[in-house]
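Protein chains: 2
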Amino acid sequence: MNDYSVAALPEGVDPAWLPPSAFRPLGSRRVRVVGDGPLVATVRGEVAAAVRDHGGEVVGDGAVDLELVGTNDSGGDPEAFTVERTATTTTVRASGAGLLYGLHHVVRLGEAAFSAAAAGEFAPRQPIRMLDHWDNVDVHPVMGQVERGYAGGSLFYDDGAVRSDLSRVAAYARLLGSIGVNRVGLNNVNVHRTEARLLTDLLPDVVRLADVFRPHGIRVGLSVSFASPVVLGGLATSDPLDPEVRDWWARTTAAVYAAIPDFAGYVVKADSEGQPGPFAYGRDHADGANALARAVKPFGGTVFWRAFVYDHHQDWRDRSTDRARAAHDHFAPLDGGFDDNVVLQVKAGPIDFQPREPVSPVIASMPSTRLAAEFQVTQEYTGQQKHVCYLVPQWREVLAFRPWGDGGGAVADAVAGVVAVSNAGTDPFWTGHPLAQANLYGFGRLAWDDRLAQGAVLDEWIGLTFADDGVREALHRVMDDSWRTYERYTAPLGVGFMVNPSGHYGPAVDGYEYSRWGTYHFADRDGVGVDRTRATGTGFTGQYPAPWRDVYESLDTCPDELLLFFHHVPYDHVLHSGTTVVQHIYDTHFDGHDEVRRTAATWAALEGRVPAAVFDRVTDLLTEQLRCATEWRDQVNTYFHRKSGAPDGRGRRIY
Amino acid sequence: MNDYSVAALPEGVDPAWLPPSAFRPLGSRRVRVVGDGPLVATVRGEVAAAVRDHGGEVVGDGAVDLELVGTNDSGGDPEAFTVERTATTTTVRASGAGLLYGLHHVVRLGEAAFSAAAAGEFAPRQPIRMLDHWDNVDVHPVMGQVERGYAGGSLFYDDGAVRSDLSRVAAYARLLGSIGVNRVGLNNVNVHRTEARLLTDLLPDVVRLADVFRPHGIRVGLSVSFASPVVLGGLATSDPLDPEVRDWWARTTAAVYAAIPDFAGYVVKADSEGQPGPFAYGRDHADGANALARAVKPFGGTVFWRAFVYDHHQDWRDRSTDRARAAHDHFAPLDGGFDDNVVLQVKAGPIDFQPREPVSPVIASMPSTRLAAEFQVTQEYTGQQKHVCYLVPQWREVLAFRPWGDGGGAVADAVAGVVAVSNAGTDPFWTGHPLAQANLYGFGRLAWDDRLAQGAVLDEWIGLTFADDGVREALHRVMDDSWRTYERYTAPLGVGFMVNPSGHYGPAVDGYEYSRWGTYHFADRDGVGVDRTRATGTGFTGQYPAPWRDVYESLDTCPDELLLFFHHVPYDHVLHSGTTVVQHIYDTHFDGHDEVRRTAATWAALEGRVPAAVFDRVTDLLTEQLRCATEWRDQVNTYFHRKSGAPDGRGRRIY
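So the protein lines, in turn, are chains A and B. The first sequence maps to residues 99 to 753 in this note's numbering. The second sequence maps to residues 99 to 753 in this note's numbering.
These are computed hints drawn from the structure, not numbers from a lab. For glycine and all other residues, C-beta sits at the position ideal for the given N, C-alpha and C. Hints should not be assumed to be uniformly reliable.
Ranges of calculated distance between the beta carbons of each label pair, as one might list FRET restraints [as the list claims (entries may be wrong)]:
(1) B:753 to A:579: 35 to 41 Å
(2) A:240 to B:503: 48 to 54 Å
(3) B:554 to A:728: 54 to 60 Å
Short derived list, chain A residues pointing at chain B, Cβ under 7 Å [what the hints assert, rightly or not]:
(4) 415
(5) 499
(6) 582
(7) 600
(8) 608
(9) 622
(10) 623
(11) 733
(12) 740
(13) 743
(14) 753
Extracted from the complex, chain A is given alone in its bound form:
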C-alpha cells in the first residue's frame, strides 16, 4: 500500500478549499493528537504538516492550545465529535471519523476555533453522504471518460485501467474527507463492458482505490450491471429469483468483501435508458434490489438502487404518458418490499436535474423504504462548468421542503442520506470552473447539516479558499444568487428542457419537443406548459400528499416558479407576481442576462486579489457565459414572441 502524504498535491493542481493558508490558525499553535488508528493517523499527518508550515508545535505532554482525542467509546456515532473549550485549550473528542471532521471544524473556524464559539456537540444529519462518479475506465466514444463531467479526464482511470499513480486521488479523498463525504461510487452508473469487470478481474485495482480513500473516512462502492451474472459469470440468466444467479452474486460479493472489508456496496441503474434490469425476467425492482442486497447483507453492505426508471422511447404525440410520473408509478407500489439494506436513490426532482423542478413525490410516498435524495454537483443542465451557478441554495430548498406540509418533517428528515454526482476530474481546478468547487464543498457541508445558516456555507468556502478576506463580499455577490440568475435566462417557470439535445448545453427551445425523451413544453400560439393536473392533465399532482396535491393542482396556489411544470396556460395568464407569463419570460430573460453582465464586472474588480490562474480562467469562462446567456435570452424571447405575437411591454429589442 502506497502512502500518499498530506503534502503530495501534484504540481499545478489547485488546493481548492485546503490551501496551506487555511491551516494557519491551527498550524501556528501547540497541538496534541491522542489515540491511534487510521483516521487518527490522518489527523496526526494534517497537524504535523500544518505546524511545519506555520511555526506551531506538536506537543506530547503539557499545555496545548488544541487537543484532538481519538477515544475508544464504542457506543456513540463514530462520525460525531464534541468540542470543549477551557480558557486555554480547545479539545475535540471522537471515537472514529468524527475526529477528522472535528479537525476540519477547527480549520473552518480559524481563529474562532480557539474561543468559546467552537464548543458544541456535532453529528451529521445524514448518515449517508455519498458522491457518485460517472467515470468510465475506457473513454466512451460519445460520452467521453467522465460522463457529464466537463472537467477533464477521470481521476481514477487512465489508459484503460486504474491509474498507477494515485497521488491525485489521495488529494481528492482528502478534500472529500474534510467536508464529511463518507462514500464514493467509483464508476459510471451506465456500466459498459470494461467497467463491469471492476467487480471481478479488475478488483485488485479497486482495492488500491479503497486503500487511498479509507484514511479519509470514505468507503468505496461500485456501479454494477444487473446483467453481471450473464456478462461476467457466463450464466444464461440474470433473473434475480434464480438460485444460480443469487449464488453468483453471493460468491462474487464475498470475494469483494474479502478484498475490501469496508466496501460500501453496489450502485445500480436498472431498466433505465438501456441498462439491463429485472423487467426482462418479469420481476419488479424490489426483487432486483433485494437479490443484490442479500449478497452484501452479511458484510454490512448497501445496495443503492436508482429510481430513475422511465420510458425513454416515448411518443411525443401521446400526451397521456408523463415522464414525471414514472418513478412514483414504478416504485411507490413497492414500498415495504425492499430489504433494509437497500437505499432507493431518488433524483430530487421528478424529471432530471433541471434548474427548477418540484421535489419528487416519491420522497413522501415510501415511508417504509430507505431513501436517498440524489443531486448533481456536476452542472449537466446548469451551465456545464462554464457558467457560474452556485447550486447549494437549490439543494437547501429541496432538503428543507416539507412534503407533508408545515405539520410534517422536511425532506432532510425523510431520507436516509444524500447522494450527488460529482464531476471532479483531471482539470487543475478539479471541477472545471474554479468557482464550481463551492458546489462540491457545499454538497458535503449540506449533507452534514442542511440547517447551516443561509449564505454561511458559501462564506466558509470563500474564507478557506481565498487567503484575502477582502474578496468575500464581491465573491458572495458573484455566486450567491447565481443559480436563480441561471434560471432566469434559461427555460422559464419550471418548464425545463429547452436545451440542445446533443450535449445539454445552450438553448434549443424546441430541441426536445418532438423527441422520444418525454420532456415537452407544448408551446403553441396561445400558450405553453404541461398540464399535470388531475382535473384535465396527466394526474401527476395526485402523486403528492396534501397539501401539495392541491397547491399544485390549482392555478390560484401553484407557485409561479413551477407554473409551467404543472399547468398549460395562455400567454396572458397573470402570475402571482402581477405580470403575464409572456412578459415574465421577456423580463426574466433580459434581467438574467443583465445580471451576468454585472457579475462579469464584479469579477473584473477582483483582478490581483485572487490567484492569477483563477482570475484568468474565470474571466474567460464569464465571456462564454455572457455569450451563452445572450443566446438564451434572444432565442427564448424570439421564440415566444414569434409564437405569441405579444410585444414586450418595455419595448426592448426582440429579434
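Chain A is already provided as a structure; the job is to place chain B on it using the hints.
What follows is chain B alone, placed relative to chain A:
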C-alpha cells in the same frame, strides 16, 4: 501493376447494373474487336467474358454480328463513337474511350443493338463528367470515413492507407466507365492531415488507384489543401502570389504528373467551412485558383475550384445576411479573371443540396468562366440511402433550366461539365440503398446526355439491373416520382433545412432556426418563408438575369414550389394551386406519407421477382422510410398547426 479482370467481382458484392444477364444479347453472338491500346483491351476483356458466359464467339476473320473498331483517327472527340448497321452486322467505331462507351451502348440496347435502331453518332454533351468522393484515409471521429456517405467504409482506403487489394475499386471503375464517367476525385474536399499527404509522400499509392481507373477511361484527381505549401512544404505562407509558393506548387505538381501523366487535376474547397484559402492573404479566389491552375497547365490538368463559399458563423438575428447570395457575391465579380484551365464548381442550388432549390444564379452570371454544376448522388438531405429517392428528375430539371429564359440556352449548354458527390462505399450494394444505384447510374447517363427521354434512364437501369422484365412497371412506380414524394413529406415549398442539425436526417423544424449556418425559415404565428426580394428582402432575386429576377420577385409569378425560398407569406396566402400555404403543408404531408405507404405495398408485391438480398434490404429500408415519413408528417404538421392555429380543412389528425 495488378491486373483486375472483368470477372473479379468480390464475393457477396452486388453486380449493380452490370450483371452477367445484361450481357446476354451481346455474349450470345459473334463479335470482333479491332485495334489496340488500353481501352480496346478493356473492351476486348468485356467481350471475352460475355461470350464465355453466354455461348457466343470472338471471331478474328469473317462474318460477325458485332464489330468494335478502335480507330487511329486523331481529329475527332475520342469519347464519341459511331454505330453503323448493315443487314447482319452492327459496327461501333471510336478513336478512344468512345469504344468503351459504344460497347455499353450495345449492352444497354440489348437485342435492339442488332437492329437499325442502334445506329447513330454519339458524343457526350458534357466533356467533364466527374464524381467526387468525400473519402477520408483516416476515419474521421465525427464524419466517419466517407463524409456524408451512408454506405459503409471507403472503397479506396482502409487502415490509414490505400487498400492493398484494389479488386473492388476495379469493379467500381468498371461500373463508372460503363456510364461514361471520366474523372474521379479520390478524397474528401475537407482535407485533413493524412489526406493532404496524398499529394506528396502517399503519391505512390495514388498511382496504384490511377492505374485501376485508367482502363475504364477515368482520370483521377485529388482534393488538395490550399495550405499545402505550409502544411506539406514547410513554407511560411500559402499566399498564392508568393513566388516560393508558386514554385512549390510547380515542383509538387510536376512530380504528380511524372507519376500519373493523365492526372485530372486538383479539387479545392477554399475559405469554406474552416478550410484554408486565399482570403487569409488578402487575395481573391481567382488569385487562388490561378496559382494552382498554372502549376497543372503544362500537363493538361484542371483546377476544380468550388464556389461553395459563405459565412458559416452567421448571426441568426441578422436578416440582412443571406447565405443564398454568397456564391454570387464572392464569384460573379471575378468573372473573366480565372485561367482557362480552371473550372468553377458551382452547387446546382444556391444553398446546399436541398430537395428543392432554385438553380444557382452563378450559372448565368459568369459567361467568361468555365463552370461545372455540382450535384449529390449521395442522399445527404434526401434520405441518406434509407429512403427511396430517385434524383435524376431533379438533376434533369436543373440541366434543362433556362437561366436567361426561353430565348437562351439551358444550364447544360452553359456549363463545361457536371460533377456529383458519390457515396459509393464498401456496402455490398455500393450505394447503401439498392435502389440508389439508379442515382449513380443516372448521373452518368445524364452527364452524357441530359436530353434523354423522361423516364428512359430509369427504365434502362431497371432493364440492366433486373433480369426479370416483369418488374419494370412496378419498379418504375416505386422510383420515378420518389423525389417529389420525399419533397412532399419534408420541408415545404422550397423553404429547406428543417432537418436535424446532427446528421441531416429526419425532421427538426427549428433545428437550424437559431443556428450559425444561415438556413432559416422565420416561421412565426402569422407566416413563414424567407424574403429574398429586392423590394423588401435580401435582394437575392436581383442576382438573376431577366426573366427570373422578375418571375421570382413577384408573388404573382413565383412558382409555388419555390414560394418560401423567395417570400415570407402569411399562412392564408393562396397558392397558384388554389390552396392556402398552411393547407398545402397539411395536404402534401399527408399525401407524401400515403405515397410512401403505397410504395411499400408496391414493393411488397415484388417478392420473388427480384433477388432475395435486394428484396429484404429494400423491405427493411421501407419500414424505416415509413417511420421517418410519419415523423416528418406529424412534426411539420404539428409545428405549423401550433404556430398558425389553422385547422386542417379535411379534419385529419394533427397532434
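Hints and how they fare:
1. Between residue 753 (chain B) and residue 579 (chain A) the CB atoms are about 40 Å apart, so this pair conforms to the stated range of 35 to 41 Å.
2. Between residue 240 (chain A) and residue 503 (chain B), the C-beta spacing of about 52 Å keeps the proposed range 48 to 54 Å intact.
3. In this structure the hint that residue 554 (chain B) and residue 728 (chain A) lie 54 to 60 Å apart at CB holds, the actual value being about 56 Å.
4. For the restraint placing residue 415 (chain A) at the interface with chain B, the shortest Cβ-Cβ distance is roughly 4 Å, inside the 7 Å limit, so the hint holds.
5. Hint status for residue 499 (chain A): violated, given a least beta-carbon distance of 34 Å to chain B, over 7 Å.
6. The closest approach between the C-beta of residue 582 (chain A) and any C-beta of chain B is roughly 24 Å, which is over the 7 Å cut-off, so the hint fails.
7. The restraint placing residue 600 (chain A) at the interface with chain B holds, with a minimum CB-CB distance near 5 Å, inside the 7 Å limit.
8. Checking residue 608 (chain A) against chain B by beta carbon gives a least distance of about 4 Å; that is within 7 Å, so the hint holds.
9. With 7 Å as the threshold, the beta carbon of residue 622 (chain A) comes within range of chain B, its nearest partner Cβ sitting at about 4 Å, so the hint holds.
10. Hint status for residue 623 (chain A) relative to chain B: holds, with the closest Cβ pair at about 4 Å, below 7 Å.
11. Restraint check, residue 733 (chain A) versus chain B: the minimum CB separation of about 5 Å is within 7 Å; hint holds.
12. The interface hint given for residue 740 (chain A) is met, as the beta carbon of that residue sits about 4 Å from the closest beta carbon of chain B, less than 7 Å.
13. Look at residue 743 (chain A): its Cβ gets to within about 5 Å of chain B, closer than 7 Å, so that hint holds up.
14. Contact between residue 753 (chain A) and chain B, as hinted, is supported at the beta carbon level, the nearest pair being about 4 Å apart and thus within 7 Å.
In terms of the numbered hints stated before, the structure departs from hints 5, 6, listed from lowest to highest.
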